[in-house]
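Protein sequence lines, in the order shown, are assigned to chains A and B. Heads up: the first sequence begins at 1 in my numbering, then just goes up one per residue. Heads up: the second sequence begins at 167 in my numbering, then just goes up one per residue.
To be clear, the hints were calculated from the coordinates, so they are not data collected in a lab. Positions of the beta carbon are idealized from the N, C-alpha and C atoms, including for glycine. Please note: incorrect hints may appear among the correct ones.
Taking CB as the label site, the calculated pair distances span [as the list claims (entries may be wrong)]: (1) B:Lys226 with A:Asn58: 44 to 52 Å; (2) B:Gln286 with A:Phe7: 42 to 50 Å; (3) A:Leu5 with B:Gly243: 19 to 27 Å.
DSS-like mimics (lysine-lysine), calculated; alpha carbons at most 27 Å apart, straight line [stated by the list, open to error]: (4) B:Lys284 with A:Lys37; (5) B:Lys253 with B:Lys216; (6) A:Lys53 with B:Lys284; (7) B:Lys216 with A:Lys13; (8) A:Lys53 with A:Lys93; (9) B:Lys229 with A:Lys13; (10) A:Lys124 with A:Lys93; (11) A:Lys89 with B:Lys284; (12) A:Lys13 with A:Lys37.
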Amino acid sequence: MNNDLLFDFNVDKAAKTVYITREFSAGQSLVWDAFTKADLLDQWGAPAPMRAKTRYMNFEVGGRRVYAMITPEGQERWAVQDYISITPKTNFKMYNAFSDENENRELPGSEWDYSFSEENGITKVHIIIFNESFERLEKLLEGFKIGFTMTLKNLEDLLSTLSEKH
Amino acid sequence: MHIYLQPRGCITDDKIMKQDIFQAIADPTRRAILTLIAIQTLTPNAMAEKFDMTRQAVSKHIKVLHECELIKPEQSGREIYYHFNAKKMQEFDHWLAQFRQNWETQFNQLDQLLTTIKEQK
């Protein structure tokens with residue numbers, strides 16, 4: 001892993017806001033794609049051994065992504081993301097809410113603000129998550145189970161399989 | 167082997183009325199009460215005096231904090247003293263640490279993916 005890359009995680013409990021900053025060893029364009037294209041998002045957008053599956057994604061203002069997080073046991077947890085604003089390659093904001101598989105949202109959800117900037121080939125991503133309640137934030141983890149036996153090795157295998165296919 | 171990443175206490179315990187820990191902490195008066203109680207135990211009367219509030223207003227805040235288990239009452243003679251429950255705050259912090267861990271896992275996955283894509287080019 002790239003241990004020299006910055007990872008900051010701060011929670012302002014009083015403001016009900018989570019601040020995340022992470023650097024990636026790749027250009028801004030590529031990192032932007034990884035956050036905004038369904039086929040790429042699905043390859044990293046759930047912590048292993050969970051996986052993400054996007055049903056559809058219209059990445060445009062007023063557009064929507066409908067996706068599920070799937071546990072190793074096959075349990076699906078659906079969520080809907082509505083895009084509020086998009087400044088290509090620089091920033092996008094969305095409203096995330098959990099839902100059933102028919103897109104019936106459980107409100108309130110949380111507001112997400114993503115910013116991207118590049119310096120010397122390193123792209124910095126800032127994420128701000130505002131939750132109206134802790135219960136909502138808690139739901140971001142609901143159903144998540146961490147399998148200790150399964151490691152990132154599985155993911156590496158998957159990625160090498162994928163790169164062979166390309 | 168699996169663990170469920172859910173904080174216990176006011177969030178999941180149905181016996182206690184649902185009270186959101188974020189909501190409890192979000193109120194500036196309740197934060198001030200917590201700060202003060204963390205230093206020394208207080209009776210509701212002493213709190214009312216320190217914050218220049220009515221006994222009724224203090225009771226409301228105490229109720230929220232108590233339901234969230236952020237404070238604990240202790241009877242001493244005829245008075246009830248409230249303690250800061252550091253364990254509850256730790257539980258909350260522990261839960262947040264798990265949340266952070268999930269992000270770390272995802273970002274490491276993204277590192278791998280980015281490397282794979284760059285190698286293909």
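Right, here's what the structure says about each hint:
1. A beta carbon spacing of about 46 Å between B:Lys226 and A:Asn58 agrees with the range 44 to 52 Å that was offered as a hint.
2. Checking the proposed 42 to 50 Å range against B:Gln286 and A:Phe7 shows it is violated: the Cβ atoms sit about 25 Å from each other.
3. In this structure, A:Leu5 and B:Gly243 break the distance hint of 19 to 27 Å, their C-beta atoms being roughly 58 Å apart.
4. For the hint linking B:Lys284 to A:Lys37, the alpha-carbon distance of about 16 Å falls within 27 Å, and the restraint holds.
5. Taking the CA atoms of B:Lys253 and B:Lys216, the gap is about 25 Å. The hint holds against a cut of 27 Å.
6. With a CA separation close to 23 Å, the supplied pair A:Lys53 and B:Lys284 stays within the 27 Å bound.
7. The suggested pairing of B:Lys216 with A:Lys13 holds, with an alpha-carbon distance near 24 Å, which does not exceed 27 Å.
8. Straight-line distance between C-alpha atoms of A:Lys53 and A:Lys93 comes to about 21 Å, which keeps the hinted pair within the 27 Å bound.
9. With a C-alpha separation of about 20 Å, the suggested pairing of B:Lys229 with A:Lys13 holds against the 27 Å cut-off.
10. Taken as a hint, the A:Lys124 and A:Lys93 pair is honoured in the structure, with Cα atoms around 16 Å apart against an allowance of 27 Å.
11. A threshold of 27 Å between alpha carbons decides the hint, and for A:Lys89 with B:Lys284 the separation of about 18 Å falls inside it, so the pair holds.
12. With a CA separation close to 31 Å, the supplied pair A:Lys13 and A:Lys37 exceeds the 27 Å bound.
Hints 2, 3 and 12 from the earlier list are contradicted by this structure; the remaining hints agree with it.
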